[in-house]
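Spelled out, the chains give:
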Amino acid sequence: MKLIYEKSQRGRRAGRPPRPEGLTPPELPSDLRRESPPRLPELAEPDLVRHFTELSRRNFGIDTGFYPLGSCTMKHNPRVNERLAALPGFRDLHPHQDEDGAQGALRLCWELQEALAEITGLDAVSLQPAAGSQGEITGLMLFRAYFADLGEAEQRRKVVIPDTAHGTNPASVTMAGYELTNVKTDARGNIDVEDLRGKVDEHTAGLMLTNPSTLGLFDENIEEITQIFHGVGALMYYDGANLNAVCGISRPGDMGFDVVHINLHKTFSQPHGGGGPGGGPIAVAKRLEPFLPVPAVVRDGERYRLDYDRPKSIGKVRGFLGPFGVFVRSYAFIRAYGPQLREMSEAAVLNANYLLARLRGAYELPFDRLCMHEFVLSARRQKREHGVTALDVAKRLMDYGFHPPTIYFPLVVPEALMIEPTETEAKETLDEFADAMLAIAREAEEDPELAKTAPHDEVVGRLDEVKAAKRAVVRYSFENHPDLSAEPAGAGIEAPKGA
Amino acid sequence: MSYLALTDADREAMLEAIGVSSVEELFADLPEGVRLRRELDLLPALTEQELTAYFEALAAQNAHVGAELSFLGAGMYDHYVPAIVDAVLQRGELLTAYTPYQPELSQGVLQSIFEYQTAICELTGMDVSNASGYDGTTVAADACFIAKHATGRSKVVVTEATNPQVRQVVKTYAPGFGLEVVEVPHRDGSTDPDELREAATDAACVIFQQPNFFGVLEPAPELATAANDAEALPIAHVDPTSLGVLEAPGNYGCAIAVGEGQPAGNYLSYGGPNYGFLAARTEFIRRMPGRIVGETTDAAGNRGYVLTLQTREQHIRREKATSNITTNQTLLALGGLVYLSWLGPEGLRELGETCMALAEHTKERLGRPLAFAGKPTFKEFAVRVARPAQDVVREARERGVHPGYALGRDYPGLDDVLLVALTERRTPEEIDRLADVLAEVGA
Amino acid sequence: MAAAESYPDDVRYHPEHDWARIEDGEATFGITWFAADALGELVHFEPPEEGATVTKDQAYAEVESVKAVSDVIAPLSGEVLEVNRAVADAPETVNEDPYAGGWLVRVRLSDPSEADALMDVEAYKQHLAEQG
Chain A
1 MKLIYEKSQR GRRAGRPPRP EGLTPPELPS DLRRESPPRL PELAEPDLVR HFTELSRRNF
61 GIDTGFYPLG SCTMKHNPRV NERLAALPGF RDLHPHQDED GAQGALRLCW ELQEALAEIT
121 GLDAVSLQPA AGSQGEITGL MLFRAYFADL GEAEQRRKVV IPDTAHGTNP ASVTMAGYEL
181 TNVKTDARGN IDVEDLRGKV DEHTAGLMLT NPSTLGLFDE NIEEITQIFH GVGALMYYDG
241 ANLNAVCGIS RPGDMGFDVV HINLHKTFSQ PHGGGGPGGG PIAVAKRLEP FLPVPAVVRD
301 GERYRLDYDR PKSIGKVRGF LGPFGVFVRS YAFIRAYGPQ LREMSEAAVL NANYLLARLR
361 GAYELPFDRL CMHEFVLSAR RQKREHGVTA LDVAKRLMDY GFHPPTIYFP LVVPEALMIE
421 PTETEAKETL DEFADAMLAI AREAEEDPEL AKTAPHDEVV GRLDEVKAAK RAVVRYSFEN
481 HPDLSAEPAG AGIEAPKGA
Chain B
1 MSYLALTDAD REAMLEAIGV SSVEELFADL PEGVRLRREL DLLPALTEQE LTAYFEALAA
61 QNAHVGAELS FLGAGMYDHY VPAIVDAVLQ RGELLTAYTP YQPELSQGVL QSIFEYQTAI
121 CELTGMDVSN ASGYDGTTVA ADACFIAKHA TGRSKVVVTE ATNPQVRQVV KTYAPGFGLE
181 VVEVPHRDGS TDPDELREAA TDAACVIFQQ PNFFGVLEPA PELATAANDA EALPIAHVDP
241 TSLGVLEAPG NYGCAIAVGE GQPAGNYLSY GGPNYGFLAA RTEFIRRMPG RIVGETTDAA
301 GNRGYVLTLQ TREQHIRREK ATSNITTNQT LLALGGLVYL SWLGPEGLRE LGETCMALAE
361 HTKERLGRPL AFAGKPTFKE FAVRVARPAQ DVVREARERG VHPGYALGRD YPGLDDVLLV
421 ALTERRTPEE IDRLADVLAE VGA
Chain C
1 MAAAESYPDD VRYHPEHDWA RIEDGEATFG ITWFAADALG ELVHFEPPEE GATVTKDQAY
61 AEVESVKAVS DVIAPLSGEV LEVNRAVADA PETVNEDPYA GGWLVRVRLS DPSEADALMD
121 VEAYKQHLAE QG
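Chains as they are written, first to last, in the numbering used here: chain A, 1 to 499; chain B, 1 to 443; chain C, 1 to 132.
Bound conformation, chain A alone:
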C-alpha cells in the first residue's frame, strides 16, 4: 500500500479555509516568514477517504474480533459513549470557559470522582493524569510531597516493586527520582514475604503493586504486606491496570493502599484508539489529599467549582482538568452498570477461569491456582519439544482470526502467554479461541512449520525489526526515501523479546 505522500499530486486539495473579502494579512517580518512550504499531502477528499479506509481495513480492533491482551482489558467500547462525548455541550466547550458556563462539565467530573472514590475505597480523586503511567508518576510525586511535608524526604529513598511489575513501574520510579528495590515472587505467585521483610525499613518510601498481579493472581498476603509497609511509615501505591477483576468485590483502599491509579481505557471502556487516548485518574487516602494536582473539582452546595487554593499541591501534571472526553465515556460506562458493577468483574473472572480450564492441559501453567481476570500460560514445552515459541503461537493465532495475547510478559515466566478475555466476550468466542489454541498445540507436534512461518494471510509477513532499528527510517523522505527491500535482512526477523 502506498503512503499518503506517494499518492499526492501538486495542486490537489480537499479543504479550503474561508478568505474574508477585503481583508489582507499584515506582512510578516522577513526572518519569521516561512520560506518553503511543508510537504503535506495533497489529495482531494475522495482519495483521502479511500486512503484512511484502506488503512483501517489493514487493522484489527476489538470491533474486528477477540483481542485478549493481558493487563490491557480489551473490552467492548459502547457506541452510545461516542455519541455522548460528541454532544456539543461537551465537545465544543472551551476549557477556559468560566465556571458558571461549564457547570454541566464540572458536575460530570465531580460525579465521576465520587464514583471512582467509592469503587476504590479511597477519599479523594484527581482526574488530571492522561494515562496510567502518568498516574503512576503523579502518585510517586505525591509520595515525595507527603514525606517532604513530614520532614522525611531525605530519609525515604527507595520504592519496592515485584519482579512481575509492568514495565512502566520501574521507569516511573526512576523518573520520580527514587531508587528501585525488587522483591521476588514465590511459588504461589504471591510476593515473597520473607524476601520483602528484609528489604523494607525506614528508608523505604513505599510499594508499587498491582493486585491481582500481572500473573492474574490475587496476593493472598496483602494484609500482611500492608502491615509491613505501614509499620515503617511507608506508603502503598496500587497500579490499577488489573482493577477489572475486583470492582465491587474488593477495594484497593480496603486492601490498605494509599494511592491508586485507574486506567479509564482499560476498566472503564474508553476506546484505545490504536494506542491512546487513555485516562489515568488517581484516588488517594485523606492524608494525601492536600498534595493532589491543581485545580481540584469541588462541590459547594449546588454549584461546582475549581479550587486552586491548594498550597501543598505538587502542581500540575497535564493541561486543564485532564482528558475530559475520556471522562464522559467512562462515566457513562459506570452509570450503565450502577451499583451492580460487580457483575462486570464477576463475568471477567468467570470468563478467564473458563478459558484457563480449557487450555491448562495443552500448555504449561506456571502457577496452579484459580486465576482472576487474566492468566499466564507458558509455551515452554512447545519450544523445548518442537521449537515452537510463544511468538510462533501468537503469529499462528492470527491465521485463526484472533489477535494474539500478550507474549513474553511477565518476565518471570519463560515463553509467556498472558491472556485476558474480559467480561464482554460470549462463551462461543471463548470456545473458538480455546479450540484454536488447542489446534496450535497439536500442530506444534504434527507440523511445527505452520506456526513458525505464520502468519500466512496478513498483508505482511513477519517484519524485520532488526533492520527497522538499525536503519531507523522514521519518516518519509520524498526523493531521498530509501528502498529497504534492496537491503539485506537482519539476522533475527522479529526476534523474540525478553532477554
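Any given hint could turn out to be false.
30 Å max Cα-Cα, derived BS3-like pairs, lysine-lysine [stated by the list, open to error]:
hint, chain 1, residue 1, chain 2, residue 2
1, A, Lys184, A, Lys199
2, A, Lys286, A, Lys158
3, A, Lys383, A, Lys452
4, A, Lys286, B, Lys171
5, B, Lys363, B, Lys375
6, A, Lys158, C, Lys56
7, B, Lys375, A, Lys158
8, A, Lys312, B, Lys171
9, C, Lys125, C, Lys56
10, C, Lys56, A, Lys383
11, A, Lys286, A, Lys312
12, A, Lys158, A, Lys184
13, A, Lys199, C, Lys56
14, C, Lys125, A, Lys184
15, A, Lys312, A, Lys184
Label pairs and their calculated CB-CB ranges [said to hold, decoys possible]:
hint, chain 1, residue 1, chain 2, residue 2, range
16, B, Val182, C, Glu79, 28 to 38 Å
17, A, Gly231, C, Gly25, 35 to 45 Å
18, B, Ala28, A, Pro488, 53 to 63 Å
19, A, Leu306, B, Ala87, 29 to 39 Å
Only part of the chain A face toward chain B is listed, based on derived beta-carbon distances under 10 Å [to be verified]:
hint, residue
20, Leu23
21, Arg34
22, Leu69
23, Gln155
24, Gly177
25, Glu223
26, Pro339
27, Leu350
28, Leu365
29, Ser378
30, Lys427
31, Val460
32, Leu484
Derived from the structure by calculation, the hints contain no laboratory data. For each residue, glycine too, the CB sits at the ideal point set by N, CA and C.
Following the hints, complete the assembly by docking chains B and C onto the known chain A.
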C-alpha cells in the same frame, strides 16, 4: 444496562468446566478482611435511553462555542474540524485497536503514525518525530528530559511568555528529573535575546513559545541563536496552525520542537483528549521518549511498519527508560494527520493568513490600545480595556459573547488586558458583535 | 552470521561478560559471546570519546539490540586511546566476531595490577555454568 453476553446456561456450563459450583468460589483466595460485603454506593444504573437524557441535560448546562460566540484562545482554539476527521476516527478498526505490538495486524495504525511523524517533521523542519505525547504541556517536560541527558546539565530556562500551564507542568516534573527551572521575564510582551543568552549559561535547554502566550511573535531566530551561543539546546513550543506562514524551528537553529496539537484537528472538548507533538534533530533519536514507528520489510521484501527503537521505552529498559509513557494519544494524532492532509500546504498557508487578517481587522475594529503595541502577532493579541478584564468577560457573556482570556490571573499588571483569539471560524459580522458588546459593557 | 560459541584463552574475563586483551600496559576491551548471544543482533553501539577515562566495574559504553539496551562494563581502568569505528558503523560485527573484529575500545591502563582480579577462560566458563 450491561454489555455482558453470558446467559444463565452459559454460566452453569462454565462453572462446571472450571470445577466450582458458584462464581463466589472463584474469589476464595481473597482474604475476608478485604472483601466488600455490600453493594457499591453508586448512582442507579441507566439504560441507554436514560443515559442519553442524563448526559444531554448535563451538556445543555455548558456554554459551548456554538451557544456563545467565543474569542477565547490561550492555548486551545476553536478551529474548524472537518467532517472527514470524525469519519476516520470513528472507523472501528482504528478506534478500538490498542498499541500495535503485533505489527502484522496493525499496519493501518502503524502506517498512519509513520505518516503523522512525517507531517510533524515537515511542519517543524526537524528530522525525527515521536508518535505523540499527552498534550502540549507534557511534551515540554519530555524535551527537558532529552536535553538533560544530551548535555549533562540540569538547568532549564523557560520564557515567562510561554503558556503558564506549560511552565507549571515543567516545574512539577523538574524535581524528579533533578532539574532547576529559571524564568526569563517578558519585556513588553516578548523576550530579549541578550537576557536569554545570559540566563542560558550552564543551561541544558531554553524553551520559548512561538507565537508566545500573548499571541506576539518572538524574535525566534535570535532566541535560538542566543541559546546556541550559551550551548543550551533551543526548544521551540509552536502552534501547528501557524507553520504554513511562520518559519519552521528546524530552519532557524532549534534542536527540538514541541507543541499542542489540538488546534490542528481536535475538538476543544473542555481540554482533552488532545495530543502533544515532539520532534528533534537526528542526533536525539535514541533519547526520544514515547513510541516511534519505523519502516522495514518482511521476508518477501514487502514494505511494512513496526514500532522501533523500543529499547528506549519503558517495557524493555525498565529503570533506564527515557520516559514511562505507554498509552499516548494515537487517535488524536491521527486526527491531526487527517486534518493536515485535508488542508494540504496551500490550505495551511491560507488558514494562517486568514487568522492573521481577521486578527488585524479586529484590532482596528475594536480601536482600543494594544497591551504590546508595535509587536507583530499571529492569531491572538492582547488589548487593554477600560475596566478589570474579568468584569468585562462576565458582563459580555451576559450578552452572549465571550470576549477573550483575562490575562491578569497569570501575569501581574495585566488585570485590564484581554487576550482575544481569531480563528478562521470568526466572521466580520461576529467581530462587529464583539465590538458592540465591548462598547455596551464600557470596556 | 553470528559466530559459534567460543571463549578464547588469550583474553581475561570480567563477570559482567566483558573481556580484556592486555599487552604492554594497554588493553583492548569487548563483550563475550555469551553477552552478544543474549542481546541478539546489535543495532547500535554508543562509544565513549577518545581520551575519556574508564573505570573498572563501571559502564563506559552502551550497546543496543532490538530486545534490550545494555551498559558495557569496563574490566579495567584507564584512558581511551581508540574507539572501533567499524563497530559503530556496523554493530553486528560484534555478533560475527566478538573477540577480534568486534573489539570496542583500546585503553592505556592506569593500574595494570587490576588484571589480577579478572578471570581466566576456565574460571569464566565455570562462572557461566553457575549462572544456569
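Tested hints:
no. : hint                           : in the structure
1   : A/Lys184 / A/Lys199            : holds (11 Å)
2   : A/Lys286 / A/Lys158            : holds (23 Å)
3   : A/Lys383 / A/Lys452            : holds (11 Å)
4   : A/Lys286 / B/Lys171            : holds (25 Å)
5   : B/Lys363 / B/Lys375            : holds (13 Å)
6   : A/Lys158 / C/Lys56             : holds (26 Å)
7   : B/Lys375 / A/Lys158            : violated (51 Å)
8   : A/Lys312 / B/Lys171            : holds (14 Å)
9   : C/Lys125 / C/Lys56             : holds (21 Å)
10  : C/Lys56 / A/Lys383             : violated (39 Å)
11  : A/Lys286 / A/Lys312            : holds (14 Å)
12  : A/Lys158 / A/Lys184            : holds (16 Å)
13  : A/Lys199 / C/Lys56             : holds (28 Å)
14  : C/Lys125 / A/Lys184            : holds (27 Å)
15  : A/Lys312 / A/Lys184            : violated (35 Å)
16  : B/Val182 / C/Glu79: 28 to 38 Å : holds (36 Å)
17  : A/Gly231 / C/Gly25: 35 to 45 Å : violated (56 Å)
18  : B/Ala28 / A/Pro488: 53 to 63 Å : holds (56 Å)
19  : A/Leu306 / B/Ala87: 29 to 39 Å : holds (35 Å)
20  : Leu23                          : holds (4 Å)
21  : Arg34                          : holds (5 Å)
22  : Leu69                          : holds (6 Å)
23  : Gln155                         : violated (16 Å)
24  : Gly177                         : holds (4 Å)
25  : Glu223                         : holds (6 Å)
26  : Pro339                         : holds (5 Å)
27  : Leu350                         : holds (6 Å)
28  : Leu365                         : violated (14 Å)
29  : Ser378                         : violated (19 Å)
30  : Lys427                         : holds (4 Å)
31  : Val460                         : holds (4 Å)
32  : Leu484                         : holds (5 Å)
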